[in-house]
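> My request is simple: use the sequences and hints to build the entire structure.
These protein sequence lines map, in sequence, to chains A and B.
According to the numbering used here, the first sequence is numbered sequentially starting from 1004.
According to the numbering used here, the second sequence is numbered sequentially starting from 860.
Any given hint might turn out to be false.
[Claimed, not checked] Only part of the chain B face toward chain A is listed, based on derived beta-carbon distances under 10 Å:
hint, residue
1, V935
2, L1008
3, A1012
4, S1013
5, T1022
6, N1108
7, A1112
8, S1113
9, A1129
10, V1134
Calculated directly from the structure, the hints in this document are not laboratory data.
The structure displayed is predicted, hence computed values, not measured ones.
Each residue gets a CB set at the ideal place from its N, CA and C atoms; glycine is no exception.
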Amino acid sequence: MVILTQRLAEEYMKRKAGTMVQVNGGGSGTGIAALINGTVDLAQASRPMKDDERASAEKARGSQVVETPVALDSLAVFVDEANPVKELSLEQLAAIYTGKTRNWKDVGGKDAPIILYGRENSSGTYDYFKEHVLNKADFSAKVQTLQGTAAIVNAVSRDENGIGYGGIAYDKGVRALALKKDAQSPAVAPSEATVADGTYPLSRKLYFYSLANSPQRVTEFVQWSLTPEAQALVKAVGYFPLNTQAH
Amino acid sequence: MQGQARDRTRKIVDGLMSAIFTATGAVAIIFIFLIFLFTFKEALPVFTDAEVRKEANLEQFFVKAQPAEHFEERYVWQPTSDVPKMSLIPLLLGTFKSTFIALLFACPIGVAAALFSSEFASRRLREVVKPAIELLAGIPSVVLGFFALLILASWLQDAFGFTYRLNAYNAGLALGIALLPIVFTISEDGLAAVPRGYREASMALGATRMQTAIKVVLPAAAPAVFAAFVLAFGRAIGETMILLMAGGNAAIASFSLNDPLRTLSATIAAELGEVVFGSAHYAALFFIGTLLFVITFISNSAGNLIIARMRRRMQGDTA
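Here it is, written out as C-alpha cells:
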C-alpha cells in the first residue's frame, strides 16, 4: 500500500505548500512498530492492528490509537499471462501454498512444478493470506519471499510456472486469477464491483493509524485522505475507494 | 640550550602523536567489542530467559526436527507461526551453499587473474587490468543483487533450464562477483611481492614463464593467496543484500543447488524490521548475529594461524 500513500502524500504536498510528508515502506508490521517506537506520526497498515500492538502503542506513546480506514483493496493471486489456469478455489490455493499441491496439472494446468512466491513475514499481506487462505497453517518452506508486491509481480511475470499474491493495484504483466470461495461457488474475478459487494473472497481494508494526541498537521492529512479528491487518487492508483462500499 | 628545547618539543610531539595513534587503534577495538557485547546481550535470553527458551533455544536451533518424512520438511524456519519453529539448519545450509559456489567461482578466477596481471601482462596492460578489477569492489552490493535478480537469473535459467529462477547458482555467482576483487587484489599484491631472484633463478634453470609462474611464484605467494581466500570467505558469510535479492529467500533445508535459499544474514535483514522487541524471535535473530560473528571470528583466526605457519615454513626454506 506504500504506492497509495506515496501518491496521496505527493498530491497533498502539492496542494499545501510547505508541508512535508515522508513515506516509507517495509510492511504493516514495520509501520506499526515504528508508530509504537515513536519514529513516525502515522502508520499505514493493510491489516487491522492487533490488540497487543495497540496496547503497547498506547503505553509507549501515552495516547489512544485512532484507526482510519482509507481504501479497499483486494488481494489478487497472480500467475504468468501464459498460464492456462484461470481460476482456483481458496481450498486449492491453500493446498498450493502449504506445499500439498506441487504441480500445475493437479489444478487444471500443464505438467509443471508450481513455483511459489510470497511476502516476508513482516508484511500485512503475509498475515492476511495466512489467516484467510491458509487458515493459519504454515506456508510451505519453498515459498520464495520477496520484498514487496511489486517484486512478486515482477518475478511472476518472468516465471511461467510462478504464482504470487498481492494487492490488485500492482497487476502489471501478470494475470489475476478468479477465485472461488469453495469448490461449488462461482469463480469471481477481482474488480471494483465484486470487491465492493463482497463477492470476491479476498478483500480487505487499508488503514491509517495515528494517535489521538497527534499534531494537527497529521490529522489534517488523514482527514484529507477521505475527501473525494483523495479518494479519486485511491482509484487512480488501482485500489478501490471507500465510498463504493455498499454497507 | 636551543638544541635541548627543540629536543624536548620533539619528544612531546612524538609522545602526543603516539598517544593519538594508540587511541584511534583502541577505538576500533572498543567498537568491535561493544558491538559484539550488544549483539550477545540481546541474544542472551536464548540461554537465560525461561519464557524465550520455550520457543528459542539451542536444541530448537540445531537439533529439533519436525515429524516429517523428508529431510527438508523436518528442519523448518517459521518463527511467526502459531507454533514457532526455529531451526537454523535451512539457514545454515543456505549460507554455506551460496558461500561454496561463490568461493568456487571467485577463488580460481581471482588467482588466475592475479597470476596473469603479475606474471604475464605487459606493464601497460597491467595498469589497466588491475584498477579495472579493483573497480568491481566499488559496485554496491545492492546493485549486484539487482543485476542478479533481474538479468543474471534469466540468463542462467535460459541456459540451464533451472526450475527455480532464483537458486544457489544465481546467488552464489552474484556473490562470487563481489568476492572477485578481494581475491584478486590480495593475491596480486602477494605475487608481486615475490622477489625477482626467484623468477630469475627459475628461468636460469630453463623453466618456461608458465612453469615459473605456477611452480615457483605461486607457491612462494601461497600465504597471501590463502589470506585472500580467508577474507573472501568472511565476506561471503556476512554478505546480505546480494543474497536477499538473488537467493529467492526460501528457507528450505535442502542440499540441492537448484533450490532457492535463505541465508543467516538475509534472515536478519528481512525479519528484524518487524520483530516484537524482546520476543523469542527477536532473541533468535540476535543469536544468528552472534553466530555469524563467531563463524567469521573462528575462520579469520584459523586462517591467520595457517598463514603464519606457511610464512614460517617458507622462511625456513629460503634460509
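> Honestly, which of those hints from before does the structure not fit?
none
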